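Colleague: Those protein sequences? They're chains A and B, same order as listed.
First residue of the first sequence? That's 138 in our numbering, and the numbers climb one at a time after it.
First residue of the second sequence? That's 11 in our numbering, and the numbers climb one at a time after it.
Just so you know, these hints were derived from the structure itself, not from any lab.
Remember, predicted model here, so these are calculated numbers, not experimental data.
Note that the Cβ used here is the ideal one computed from N, Cα and C, for glycine as well.
Honestly, I wouldn't trust all of these hints.
[To be verified] Partial list, computed: chain A residues near chain B (C-beta under 7 Å):
| # | residue |
| --- | --- |
| 1 | L168 |
| 2 | R169 |
| 3 | L175 |
| 4 | L178 |
| 5 | V249 |
| 6 | T313 |
| 7 | Q314 |
| 8 | F317 |
| 9 | P318 |
| 10 | V332 |
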Amino acid sequence: MSRSVPALESVRDGEGPNPPYIHPDYVSTRLRGPKRPLLLLPHTRSELTGPVFGHESVGELDHDLTRQHDGEPLGERIIVSGRVLDSAGRPVPSALIEIWQANAAGRYHHEVDRHPAPLDPNFTGAGRCLTDDSGNYRFVTVKPGAYPWRNHPNAWRPAHIHLSIFGRAFTNRLVTQMYFPGDPLFEFDPIFQSVRDPKARELLICQFELETTEPEWALGYHFDIVLGGPAETPMET
Amino acid sequence: MRTPSQTVGPFFSIGLLEHSASEISEVGIVVTGRVLDGAGEPVPDAMVEIWQADEDGRYLPDFGWGRSGCDDDGRFSFVTRKPGGVDGQAPHLMVLTFARGLLKPVLTRMYFPDEEQANAEDPVLSAVGDPSTLIARAGDGRLEFDIRLQGEDETVFFAV
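Excised from the complex, chain A in its bound form (with noise of 0.2 Å):
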């Protein structure tokens, strides 16, 4: 090196209410998880921009999982809605939110799904949709199931949407899950056991909302979702 530079910083991980990489009772973080120190980025532009996704991007009905076949898949027909916010907690317009989920017996629409439930012809569990102008984003869709897996004996996930954000910045991706209110699998999950701090935890669970209940429909819940990492004033485009 042609110079002394002091070195980067290092952070502690599993400080704050992400998880640790090292999750030991979620067996496949033993060989994934990095166990060296991670180093703090100075903050440039390669930190600060991230992607724009524009309404061409996202179809009239992909944000409804309910209507991607010719019928409609079987289970509770559900509303998820809410708000994406930065982490100086103003909302986040144009947001990319995929989602991905079993369908109501607990089964994917993948070939390495091996649980011995029905498969549903109407439902894939796969969506997207871009927040509006205010944060806002809504899906609709049926409540998935419980599952088996085999990270122990009688190990069950409780029921979750998978959801994928971006926010203004690559470094606010997120990839997380959504659980529902009072699933007894929570205390047995280590997937969301993971989250040491209970209140973390808390902001995992949608909350059930008679507001965007859909008389005679469709069941309403609410799921807010704050980014992490530097929250700057918006790229200018």
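Keeping the supplied structure of chain A fixed, place chain B upon it in accordance with the hints.
Modeller: Frame of chain A, contents of chain B only:
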């Protein structure tokens, strides 16, 4: 408080890879590599996203993002154009990897092997101790960049 991260799990392809975008540019350089676990085994259920500037070092809203799944060998692949330097830094890609078994993604940067001088002066590369895991290898008409999640030669990963 921020919403905590959770793993993408094993089934993310139905939601995320229908919209993969591994071709950032029709012609350009091939950037490829493998995601490997602490035993050196490939991680097929991983997904890699990149974010980069254009040739002039400008970040544009509609250029420079890519997403690739991994094959059975843990291999991802992009076609892109080499970015220019940004804010006095050597040309680099931001690289974010998601996988089953990763409760949150790992963030790293890929630098270019033909930028010796700029790399030596880069404020991040010159401040990480051993920068070797962050510089791609020039291969057969392509750049190779492995992402080693754990182990002796674990890739340098960053926080922001």
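Colleague: Confirm or reject each hint.
Modeller: Here's how the hints hold up against the structure:
A hinted interface residue such as L168 of chain A counts as satisfied when its beta carbon comes closer than 7 Å to some beta carbon of chain B; here the least separation is about 4 Å, so the hint holds. With 7 Å as the threshold, the beta carbon of R169 of chain A comes within range of chain B, its nearest partner Cβ sitting at about 4 Å, so the hint holds. Residue-level restraint check for L175 of chain A holds (minimum Cβ-Cβ distance to chain B is 4 Å; threshold 7 Å). For L178 of chain A, the shortest C-beta to C-beta distance to chain B is roughly 5 Å, which falls under 7 Å, so the interface hint holds.
Of the supplied interface hints, the one on V249 of chain A holds, with its beta-carbon coming within about 6 Å of a beta-carbon of chain B, less than 7 Å. Here the hint on T313 of chain A is kept, as its CB sits about 5 Å from the closest CB of chain B, short of 7 Å. Hint status for Q314 of chain A relative to chain B: holds, with the closest Cβ pair at about 4 Å, below 7 Å. Hint on F317 of chain A is violated. Least Cβ distance to chain B is approximately 14 Å, over the 7 Å limit.
Here the hint on P318 of chain A is broken, as its CB sits about 16 Å from the closest CB of chain B, past 7 Å. Interface restraint check: V332 of chain A against chain B, minimum CB-CB distance 4 Å, threshold 7 Å, status holds.
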